[in-house]
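Colleague: Now for the letters of each chain:
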Amino acid sequence: EDKVVQSPLSLVVHEGDTVTLNCSYEVTNFRSLLWYKQEKKAPTFLFMLTSSGIEKKSGRLSSILDKKELFSILNITATQTGDSAIYLCGVGTASKLTFGTGTRLQVTL
Amino acid sequence: NAGVTQTPKFQVLKTGQSMTLQCAQDMNHNSMYWYRQDPGMGLRLIYYSASEGTTDKGEVPNGYNVSRLNKREFSLRLESAAPSQTSVYFCASSEEVRYVSNEQFFGPGTRLTVL
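Chains as they are written, first to last, in our numbering: chain Z, 1 to 109; chain X, 1001 to 1115.
Keep in mind that the hints were calculated from the coordinates and are not lab data. Wrong hints could be hidden among the right ones.
To be verified - Pairwise CB distance ranges (calculated):
(1) Asp17(Z) with Thr1015(X): 41 to 47 Å
(2) Glu39(Z) with Thr1007(X): 18 to 24 Å
(3) Pro1108(X) with Gly59(Z): 23 to 29 Å
(4) Gly59(Z) with Thr1020(X): 36 to 42 Å
(5) Val12(Z) with Pro1108(X): 25 to 31 Å
(6) Glu1059(X) with Ser84(Z): 24 to 30 Å
(7) Val12(Z) with Thr1015(X): 33 to 39 Å
(8) Val12(Z) with Asn1028(X): 40 to 46 Å
(9) Ser51(Z) with Lys1057(X): 27 to 33 Å
Glycine included, every Cβ here is placed at the ideal spot set by N, Cα and C.
From just these sequences and the hints, can you work out the full model?
Modeller: Quick look at the structure:
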């Protein structure tokens, strides 16, 4: 059975802090790992990672994949209150995505 | 280009009632999915349709049925609703299951309460 585990489950930080969110997985026929941000409604796409060691970056967010150790991290630097959300990690196999339970991030002033 | 649309946005049912959640996408995607999201459980796959004319069970299919009506539409039916089916339901679509890209685009969700 495919398994995706995210940590921590929740996190409270002050504005300006840097955070690292973790996603580890055990799946059959790995194809890709995706990060989504979910505020009040539907998840919105952040990154898709398919190759080890290649960092994807978008503004203050970045992510990297380690296919040997079967994990990915999502970094957010200089956090802002608008980063408060649930961050979901999904691992794509041949037929579907399996999601972790998410990390709830709260950024306070 | 509306993306993925879902109806209704909210629904309250009594135990034993039936209903159908509708989903449509206008991105010409082959694959469509139904998820439920409960507090602390993340997104769990109920059913998916890799292409028009095919459907497969996901992680939590019991109590649900689906119909891939055509390439655009994928509906989820609850035949006899139970309180355990109280959840937020998301529909999603993606371009092609067999490609490397599994990016899924999500609809706005349906919040269902079963009393």
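Colleague: Against this structure, judge whether each hint is valid.
Modeller: Hint check:
no., hint, verdict
1, Asp17(Z) with Thr1015(X): 41 to 47 Å, "holds (46 Å)"
2, Glu39(Z) with Thr1007(X): 18 to 24 Å, "holds (21 Å)"
3, Pro1108(X) with Gly59(Z): 23 to 29 Å, "holds (25 Å)"
4, Gly59(Z) with Thr1020(X): 36 to 42 Å, "holds (40 Å)"
5, Val12(Z) with Pro1108(X): 25 to 31 Å, "holds (28 Å)"
6, Glu1059(X) with Ser84(Z): 24 to 30 Å, "holds (28 Å)"
7, Val12(Z) with Thr1015(X): 33 to 39 Å, "holds (38 Å)"
8, Val12(Z) with Asn1028(X): 40 to 46 Å, "holds (42 Å)"
9, Ser51(Z) with Lys1057(X): 27 to 33 Å, "holds (31 Å)"
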